[in-house]
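Visitor: Use the sequences and the hints to build the structure in full.
2 protein chains.
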Amino acid sequence: MDLSSRLLENAVHEVSQLPGIGKRTALRLVLHLLRQPKQQTESLSGALLALRQEIKYCKNCHNISDLEICGICTNPKRDKGLVCVVEDIRDVMAIESTAQYRGLYHVLGGKISPIDGVGPHDLTIARLVAKVKQDEVNEVIFALSPTIEGDTTNFYIFKQLEGLDVKTSTIARGISVGDELEYADEITLGRSILNRVPFENSLKSS
Amino acid sequence: MDLSSRLLENAVHEVSQLPGIGKRTALRLVLHLLRQPKQQTESLSGALLALRQEIKYCKNCHNISDLEICGICTNPKRDKGLVCVVEDIRDVMAIESTAQYRGLYHVLGGKISPIDGVGPHDLTIARLVAKVKQDEVNEVIFALSPTIEGDTTNFYIFKQLEGLDVKTSTIARGISVGDELEYADEITLGRSILNRVPFENSLKSS
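Residue numbers (the numbering used here), protein chains in the order written: chain A, -18 to 187; chain B, -18 to 187.
Don't take each hint at face value.
Any copy, or any two copies together, can satisfy a pair, since identical chains are not distinguished.
In silico DSSO-like pairs for lysine-lysine, Cα to Cα no more than 30 Å straight-line [to be verified]:
hint, residue 1, residue 2
1, Lys4, Lys19
2, Lys19, Lys148
3, Lys58, Lys112
4, Lys148, Lys4
5, Lys61, Lys40
6, Lys61, Lys19
7, Lys114, Lys19
8, Lys4, Lys58
9, Lys19, Lys40
10, Lys40, Lys4
11, Lys4, Lys114
12, Lys4, Lys140
Bear in mind the hints are in silico, worked out from the structure with no lab data behind them.
Guide: Written as structure tokens, this is what we have:
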């Protein structure tokens, strides 16, 4: 694509670096910005720059935050005895949007994955173990994705916490609400039978 | 979506203003930038800002340009007697990428469309007519999309140019190269028969 303008070419190149955005989409987005008031581009650039330069990660749970300690960790209504271990900040958002969890989080920053060159020391596992040793943590909930890497990470952390005075649990695997039973995979369906819950429990969940 | 960070929320909001990008995609893009080196966000913001603030529109043809007069208009190899009228700069890029056209362009900036509140005076039509009156333009080629608005615009310009010493033409409508005849719509197929060309011409086109 010959864009006849270095400025345009440069902008299209930069936008097309984003995941899932090719040259054509980038061009469409950039031309859209050109048709809008100058102010829109300025606030877009400003917001991205400010985010990248000023964002902090909570010193306690490694969640994204505007301050040294995030709003969840400083919230006095949160149960500090409960720590939910998640892979990244999107998982925090997903769990928060359920409004069912009132404890704290611990963001690992990834999963143990030798293929991608991610070992236990690239994650914030040591920080989690230290927290359990120091603090009044009663229960650690594993909420990683049910993949090989997720299970490996769960198991590694579980081993690290062994012998410490803390309960460990994992989020329930089972049939999604609204799913047809016949289309569920065998492993999920099998686990959902093994880990069946008293019927009364299913009534209070929603 | 509660993002627990004003900076993040702001960035997601700004990115989701772009066409075809919703809140979820915006969040994915913004979190991607957070995982990349700071430099990537800086060059992205910089490129967008530079484009928006420094881009010029060619004084001659209204094409996008880094300079007062664009590279196509200043190119001495281009035939200045030929002017192709297009709707916007994307059409210039499309025609340029065919490498079949050696004349100049005239970018209208839109089509006459009363529904969208676009009248002839919102476009660069007067400038085109003035150019034809002054310059050595021999032929004006209409290359607008074959929609009602495109045809209206063509006709309006045609009327404006009437009586002036200039040839007018329109790009050929017909069956796309590679298309199956049976799936072509009747109007296109009908026109392609009415406007059939000598077989020799079809040989030199590629």
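Visitor: Now look at each hint and say whether the structure bears it out.
Guide: A quick look at each hint next to the structure:
For the homomeric pair Lys4 and Lys19, the shortest alpha-carbon distances inside one copy (22 Å) and between copies (22 Å) are both at most 30 Å. Neither within a single protomer nor between protomers do Lys19 and Lys148 lie at most 30 Å apart by alpha-carbon distance, with minima of 55 Å and 39 Å respectively. Taking the shortest alpha-carbon separations for Lys58 and Lys112, only the intra-copy value of 19 Å comes in at or below 30 Å, while the best inter-copy value is 72 Å. Taking CA atoms no more than 30 Å apart as the test, Lys148 paired with Lys4 passes in neither setting, with 51 Å inside one copy and 37 Å between copies.
In this assembly of identical chains, the alpha carbons of Lys61 and Lys40 lie at most 30 Å apart only when taken from the same copy (15 Å versus 65 Å across copies). For the homomeric pair Lys61 and Lys19, neither the shortest alpha-carbon distance inside one copy (47 Å) nor that between copies (33 Å) is at most 30 Å. Taking the shortest alpha-carbon separations for Lys114 and Lys19, neither the intra-copy value of 53 Å nor the inter-copy value of 34 Å comes in at or below 30 Å. Taking the shortest alpha-carbon separations for Lys4 and Lys58, only the inter-copy value of 29 Å comes in at or below 30 Å, while the best intra-copy value is 48 Å.
For the homomeric pair Lys19 and Lys40, the shortest alpha-carbon distance between copies (20 Å) is at most 30 Å, but the shortest distance inside one copy (38 Å) is not. In this homomeric assembly, Lys40 and Lys4 come within 30 Å of each other (Cα to Cα) only across copies, at 27 Å, whereas the closest approach inside a single copy is 39 Å. In this homomeric assembly, Lys4 and Lys114 never come within 30 Å of each other (Cα to Cα): the closest approach is 51 Å inside a single copy and 39 Å across copies. Proximity of Lys4 and Lys140 under a CA criterion of 30 Å is satisfied in neither setting, with 47 Å inside one chain copy and 39 Å between copies.
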